Every structure is written in C-alpha cells, then in structure tokens.
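**Student:** Based on the provided sequences and hints, a complete structural model is requested.
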Amino acid sequence: MSRTLTAEDIDGGVERLADAILESSEGRSVALVGIRSRGDEVAERLRARLAERGRELDFGTLDISLYRDDYEHLHENPKLQGSDITFEVDGADIILVDDVLFTGRTIRAALDSISDYGRPGRVQLAVLIDRGHRELPIQPDYVGIPLETERHDHVHVSLAKTDGEDKVEIRKKE
Amino acid sequence: MARKDLLELASLTREEIDRILEQAVPFKELFTRSVKKVPALKGKSVLMLFYEPSTRTHSSFEVAAKRLSADVTNFDVPHSSVVKGESVRETVETLQAMRTDYIVVRHGRSGLPGMIARQTKASVVNAGDGAHAHPTQGLLDAFTVKEVFPEMSGKRVLIVGDILHSRVARSTSSVLRRLGVEVAYLGPGSLVPKCCPEGVRRFTDYREAMAWGPDVVYLLRVQMERQDVQYFPSLREYHRVYGVTRDRLDELEDKGIWLMHPGPVNRGVELCDEAMDYQRSLINRQVENGIAVRMSVLYSLKPGASGDEEAEGEAEASLE
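Top line first, the protein sequences correspond to chains D and F.
The numbering used here applies: residue 1 is where the first sequence begins, and numbers increase by one.
The numbering used here applies: residue 1 is where the second sequence begins, and numbers increase by one.
Bear in mind the hints are in silico, worked out from the structure with no lab data behind them.
Computed from a predicted model, the values in this text were never measured in an experiment.
Mixed in with the good hints, there may be bad ones.
Below, simulated DSSO-like cross-link-like pairs (lysine-lysine); rule was C-alpha separation at most 30 Å, straight line [as the list claims (entries may be wrong)]: (1) D:Lys79 - F:Lys255; (2) F:Lys4 - D:Lys167; (3) D:Lys79 - F:Lys194; (4) D:Lys161 - F:Lys155; (5) D:Lys79 - F:Lys121; (6) F:Lys155 - D:Lys79.
Here are a few chain D residues that sit away from chain F, every Cβ distance over 12 Å (derived from the structure) [stated by the list, open to error]: (7) Ala7; (8) Asp9; (9) Leu66; (10) Arg68; (11) Glu76; (12) Lys79; (13) Ala109; (14) Arg119; (15) Asp153; (16) Lys167.
Just so you know, even glycine gets a beta-carbon here, dropped at the ideal spot from N, CA and C.
**Tutor:** Given below as structure tokens:
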C-alpha cells in the first residue's frame, strides 16, 4: 500500500509556508536556514517566492551530520556536505527549514549546530511536511502539509533539484 | 564499507582517498566559526601512543581529536614503563583494558602500528612508522596541492632531500601519483634510491631538476637526529647544493613555483631565512590542513569494524 503527493501538492505546501512566513515576518529581519539535504531546497523555493513578493531574506544552509546522536548505530558515518552560514548569527531571527518533521532529532541537532555559529535572538521552525511521531519536545511554527502517518510508515520526499522530480511517497510497512 | 584502521595509503581505495580529501573541506571551514568544535566523537577516547618524539604530528592529531570532541589521553612512552622493560604487547593489553576507541601510534619500527591494530578493537592510525609510512602526512600534502591545483592531474611536484630514509617522501609521492600528479626526486646520489618507483624521475642535480618544470618544490627535512648528516659533507654544503638559497628563491618566484615542507624547517639548511616569508610558501597551510585532514581521517574510521587485511602480510616488526 502506498499513497503519493504530487508536485501540485508540494507547490501548495510551499505556498502556504510562504504566506505564513510573509505575514509573520512583517517588519522583522529574518534569515532562512535550510537543513541539508532537501530542507535547503525547500528554503531556496521559499526565498524565491518571498523575493517575488518583495521580501528579501538572509539565507544559509546547515549540514547536521556532525551533530547526530546515532553514530553508534551507523555502519558508516554520514557523508559531509558542509554548512554555509554567512550572515551574523548573534542576535539573528532565524527560521530553520526542513522537508519532513518526524522524530524531531534532526531539529535538535540543527539547534545545537546553529548555536555553535553564535547566539540567535530567536529560532523558529518551518517544515514542508509534518508527519507526527515526535520523540523530542519539538514543534513546528509553520507547516506546509500536515500528514497523518503510522509510526513505521516510510515517507520518501523527492525534490526537483536534488532528485529530478517533485513527489512524496508514503509507504506502509508490510 | 567502513574501515577500522589507517595503516598505509596503499590499502586505501581511490574512492576512500577522494572521500577523505573531500570531507576535509567542511572540517576546515569549521576553523573560521566562533566554536571550532563539533560533537561527532563526543564520549569517544583517543589515545596518543608515541614511541618517537614528534611535536607537530602529535599536537596536530590532538587538536583534530579535540575538535571532534573526543577525550585525548597521552601515553607518554619514553618516560613510562617501556623504559622499565615493558613490552609493546603488555602496553597494548593495558590500552585494551582502558577501552580506548582510537589509538594514534608513532613508532620507529616499520609495521608496528599494523601489529597493534590486529591486537585491538580500537581504530589504529599510523602516525609514522620507521621509514615505512606516514599516511596522514601524504593525505594532508595531497589536500594542500589540491587546494592550489584543483585539477591535480599532470601537475609536477619535485621532492628534494633524503628520499631513501623518508616516510614522508614515500607516503606523499604515493598518494600524489595516484591522484595523477607527476613526481620527481632530487637529492644526493647516496640518498635517492637507484630504482625509483615506476614513472618517478630521479635527479641529483638541482638545475636539471628545475629544467623538468616543477609546479611545486617539496623540501624534506634534514633529520639532524638521524644518520643523514653522514651522507653529505656538511649542512652548509647541503644548503649550497640542494637547499633553497636566496638566488634559488628568486628563481622560484620568477617561475611562480610553490614551496612545501613538512616542518619543522632547519633554517639555513633546507631553506634560507627569506624563504620563510615567500609568498607562495604553503608551509603554514600544511599545518592548518593537517588538522582538517586528520579530523576527516578520524571521522571516516569505525572502531570495531573489520581489520585492514592488506596490512597482515607486510608487517615486519614483532611485538616482543
């Protein structure tokens, strides 16, 4: 059994995030930080969409590989892609962006990572898809697509720049 | 497949070499952050087992391990029980009981790190064993050349000095050649092997070597504490014949040639004083890159993974 979300659904999700961020960031200077990989692509789309509407935002990408809590269970350490944060993090108003929010562990790692660049004034979280089943007390501030799933379902996101097409597959565990 | 140990470069695949060099880039980028440390090896222990003195390699590994948040213990061998006659095997058993995750070893005997690697679950990194190998030096040199010449293929590196006794020459030239760099050796006839590895040019005359057209001149350190000194008449003579004198420095500058040296430099022997401020000197960059590359090496190893089979047959040392 599997369900899919189409490119149109994804586009709608990005649009919802853009609307919400546009409204809440009125009068604030905000930086988008995308979590690699795919969170950075969602963040890029948000930035482009907000720029079309006249809102220019600072931008960065974060690789959280060195901040994971599961090295013990990995056969091989994850391949590093590097982070790119060029704006001043001290005091910054940051919105972390990721493709899927699940256990919350990636976001925990991202918070640790960003704080090694400086002390942000505020950090919020925007996710394209919230599929639930948190293992840590982390909640998003902006959600593009809320998705009901079982704990063991596999949610596989493909995005055009990273994977060649826009698509989300939700596979039931057999 | 994750690898447990790094004993010599020959056992690394091209893919593994590329990956270590690639991943050193994000590690180097960390050095400009306010917090230079990452938690990747938090709670892991790294033991520094140095049977030979080495300030630079030792501190480079130590900084690398600490920037990965590992705990570092120095097993200071010359002052410890080895002097009292404890064998290496006993030492390794002691270390095993300490449940250390990584062991960084330097020893005067070729093959000894491989022997230790087989005795322990810990990941073993060879930090120099006799005249055999110094893999992380080779990797950091390759990384440094790659920073200057991203397309390494066809570039020419001239290695100058005591090639015969140098594990730096061996490791650095082997990794450079695998990455497509052309390598030549220059040194006194008594210190350059008669049969160089295939494809490596051999020179004993400085001018002839320069006519070959190197992009990088890599000077090896004259090992005052080893036997090198008896292979040539005097240090002043060495400087005159093979060192970068003031005149030769001008020539390097005119031709835009880069300068490398594994450190520490013997001023007035391998290099004249003025060379220390040479615009195309990569010597300080080698030090910085050494930390990033060693972080990348430690990050790529997995304690407890299966051992390095290729090292099995070739170890010459005995643990007794």
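**Student:** Give a verdict on every hint.
**Tutor:** Hints versus structure:
no. : hint                : result
1   : D:Lys79 - F:Lys255  : violated, 39 Å
2   : F:Lys4 - D:Lys167   : violated, 38 Å
3   : D:Lys79 - F:Lys194  : violated, 42 Å
4   : D:Lys161 - F:Lys155 : violated, 34 Å
5   : D:Lys79 - F:Lys121  : holds, 23 Å
6   : F:Lys155 - D:Lys79  : holds, 28 Å
7   : Ala7                : holds, 32 Å
8   : Asp9                : holds, 33 Å
9   : Leu66               : violated, 4 Å
10  : Arg68               : violated, 8 Å
11  : Glu76               : violated, 4 Å
12  : Lys79               : violated, 7 Å
13  : Ala109              : violated, 9 Å
14  : Arg119              : violated, 9 Å
15  : Asp153              : holds, 29 Å
16  : Lys167              : holds, 29 Å
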